[in-house]
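Add chain B to chain A, keeping to what the hints say.
Each protein sequence line maps, in turn, to chains A and B. In terms of our numbering, the first sequence has 175 at position 175, counting the first letter as 1, and numbering is strictly consecutive. In terms of our numbering, the second sequence has 81 at position 81, counting the first letter as 1, and numbering is strictly consecutive.
Just to be clear, a hint being listed does not mean it is correct.
Computed from the model, here is a short list of chain B residues facing chain A with C-beta under 7 Å [unchecked claim]:
id : residue
1  : Y51
2  : L52
3  : C54
4  : S56
5  : L73
6  : A100
7  : T101
8  : L123
9  : L127
10 : E130
11 : P136
12 : L137
Here are the computed lysine-lysine pairs in the BS3-like style, where the Cα-Cα straight-line distance is at most 25 Å [as the list claims (entries may be wrong)]:
id : chain 1 : residue 1 : chain 2 : residue 2
13 : A       : K309      : B       : K139
14 : A       : K359      : A       : K44
15 : B       : K61       : A       : K309
16 : A       : K66       : B       : K139
17 : A       : K248      : B       : K2
Hints listed in this document are in silico derivations from the structure and should not be mistaken for laboratory results. Where a beta carbon is used, it is the ideal one built from N, C-alpha and C, also for glycine.
Spelled out from the first residue to the last, the chains are:
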Amino acid sequence: MDAQAATALPQGIEFERGETAEEMYVNMGPQHPSTHGVLRLLLKLDGELIKDCIPYIGYLHRCHEKIGENRNYIQIIPYTDRLDYLASMYNNWSYVKAVEALMGVKPPERAEYMRVILGELQRIASHLIWMGTFGLDIGNFTIFMYCFREREMILDLFESVSGQRLNYAFFRIGGMPMDFPETFYNDADGFLEWFKGRLPEYDRVMTDNIIFQRRVQGVGILSEEDAVGYACSGPVLRGSGIRWDLRKNDPYGIYDRFEFDVPAGDRGDVWDRYMVRRLEMEESARIVEQALAQIPPGEIMAKVPKTIKPPAGQVYSRVESPRGELGHFIISDGTPNPYRYRVRSPAYVNLSALPAMLKGCLVADAVAVLGSIDIVLGEIDR
Amino acid sequence: MKAEEVLEKIKGQFGDAVREGEVRDGTVYLTADGARNFEVCRALHAMGFEYLNCLSGVDWKDRFEVVYDLSSLRFPAKVHLRATTPHDDPRVRSVASLWATANWHEREAWDLLGIRFDGHPDLRRILLPEDWVGHPLRKDYTDEGRYVQFTPYGEAKKAASHAAHGEAKPGAGAKPAAQAGAGQGEPAAGAAE
Numbered sequence: 001m002d003a004q005a006a007t008a009l010p011q012g013i014e015f016e017r018g019e020t021a022e023e024m025y026v027n028m029g030p031q032h033p034s035t036h037g038v039l040r041l042l043l044k045l046d047g048e049l050i051k052d053c054i055p056y057i058g059y060l061h062r063c064h065e066k067i068g069e070n071r072n073y074i075q076i077i078p079y080t081d082r083l084d085y086l087a088s089m090y091n092n093w094s095y096v097k098a099v100e101a102l103m104g105v106k107p108p109e110r111a112e113y114m115r116v117i118l119g120e121l122q123r124i125a126s127h128l129i130w131m132g133t134f135g136l137d138i139g140n141f142t143i144f145m146y147c148f149r150e151r152e153m154i155l156d157l158f159e160s161v162s163g164q165r166l167n168y169a170f171f172r173i174g175g176m177p178m179d180f181p182e183t184f185y186n187d188a189d190g191f192l193e194w195f196k197g198r199l200p201e202y203d204r205v206m207t208d209n210i211i212f213q214r215r216v217q218g219v220g221i222l223s224e225e226d227a228v229g230y231a232c233s234g235p236v237l238r239g240s241g242i243r244w245d246l247r248k249n250d251p252y253g254i255y256d257r258f259e260f261d262v263p264a265g266d267r268g269d270v271w272d273r274y275m276v277r278r279l280e281m282e283e284s285a286r287i288v289e290q291a292l293a294q295i296p297p298g299e300i301m302a303k304v305p306k307t308i309k310p311p312a313g314q315v316y317s318r319v320e321s322p323r324g325e326l327g328h329f330i331i332s333d334g335t336p337n338p339y340r341y342r343v344r345s346p347a348y349v350n351l352s353a354l355p356a357m358l359k360g361c362l363v364a365d366a367v368a369v370l371g372s373i374d375i376v377l378g379e380i381d382r
Numbered sequence: 001m002k003a004e005e006v007l008e009k010i011k012g013q014f015g016d017a018v019r020e021g022e023v024r025d026g027t028v029y030l031t032a033d034g035a036r037n038f039e040v041c042r043a044l045h046a047m048g049f050e051y052l053n054c055l056s057g058v059d060w061k062d063r064f065e066v067v068y069d070l071s072s073l074r075f076p077a078k079v080h081l082r083a084t085t086p087h088d089d090p091r092v093r094s095v096a097s098l099w100a101t102a103n104w105h106e107r108e109a110w111d112l113l114g115i116r117f118d119g120h121p122d123l124r125r126i127l128l129p130e131d132w133v134g135h136p137l138r139k140d141y142t143d144e145g146r147y148v149q150f151t152p153y154g155e156a157k158k159a160a161s162h163a164a165h166g167e168a169k170p171g172a173g174a175k176p177a178a179q180a181g182a183g184q185g186e187p188a189a190g191a192a193e
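Same shape as in the complex, but just chain A (with noise of 0.2 Å):
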């Protein structure tokens, strides 16, 4: 059923302003279960239909980016962790990236395989972390404990490497502070080896089940227009047909050495966003793979000078994070506080598309929306 039909009206019915329905203000949020932090969506209803959407933001706000130009370039880094929590090491590769690039320092051969390694473990664990509260969203519990289950196995693997379980802090300038220990590799080969096997199981559960799939398809869609025009990116780009993604399109670090493919949909609905995530994970575990396997021995710390000053100059670098394409902009005076710290968070330009995704749906979806975007409020109110 797609998202036509089932909001028709009976025949000889018409919607008129303030006759057969009344348009209507809701608030959805600021405390909501289904908003993944505080946010407050005003719904403009007409019945059941949604006429419009504002969202209010700016609860979780702390300044982030003046934080940082009180901060040196080093102190910055376990700031940056507590953007998008749930990809601290995505955040922490975005940062060090672009001040790698101010500095024209370039990072040795295996620390630039350990950061793949760590970042598409990361993207394997958001996306996790994603499938399963969005399981929650529309009511299938049972995927939310599969999905932690496995995202549980990351974060030992994490542990084991840096010591932290959430904000890891482990990029450096110019490389990493240290190599992977001993027991590492096995670790990571059984996790992948398992963690192929459960890919079926998250299918049979959500993918396959027809009332998962009534539920989410030609719902919410955004066109490639709009998806463009509102800057998106990651799998909210792609499911809108666009096969774009930074790794392939603006190769950084080492990602021109491996094979993947970059999965899209068509349409533009919260399936596809859905499935463009699903297969990800596999080609996220794919690159894995290849980067143990490749891995070089040698230094893991390019020479940096104690105390960071890069010379005068601006930079806009952009990685491709798990919700999309993650900027840092960072303008430099010469001394060891940046001058200006911007970053440009991919939720928070995916999250601006939302009302042209609700108009026009049901209350009841605007939590599948909702979801399909995969918000991270930290990093939208910076």
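Just chain B, lined up with the frame of chain A:
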């Protein structure tokens, strides 16, 4: 489209309004006059830069800058455009009609830096509460008139009128009335000048 071509075309079209044009690593670096930012952006949009990666404001103490990072999903060239605007009255034309994503970025630049975007469909604060005083990312911002009470459901107007009449907001005992009045009566004057 190659980065060099983009630079040539823009220079040919706008002449003196565009300064400091150069190409580094496939990115065109341009500095434009803030009064003509919209025309330059429109020309770039017509060239195929349909993707606005990021829009940021920068406080240079003697001037403000609005920085546009543009790219395309069809060719690798990128543009880093800086539009300058005076410090005492920072305003440029909104580009939200060209790129829908500019809407939230411009609201953020207004919120945190106090740059006005003429023609913006809905220029409200986005990250800070509506009745916040000042723009925190300005270099001369001080938090003396620090915010005391949060009005979660748009009661800002009520709070502002309280303040304008010199009354303390309910529950906002610690707030000096003079500072509250200066900032909240007229949000545009709320900058830390």
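Hint by hint, which ones does the structure fall short of? Per hint list: 8, 10 violated.
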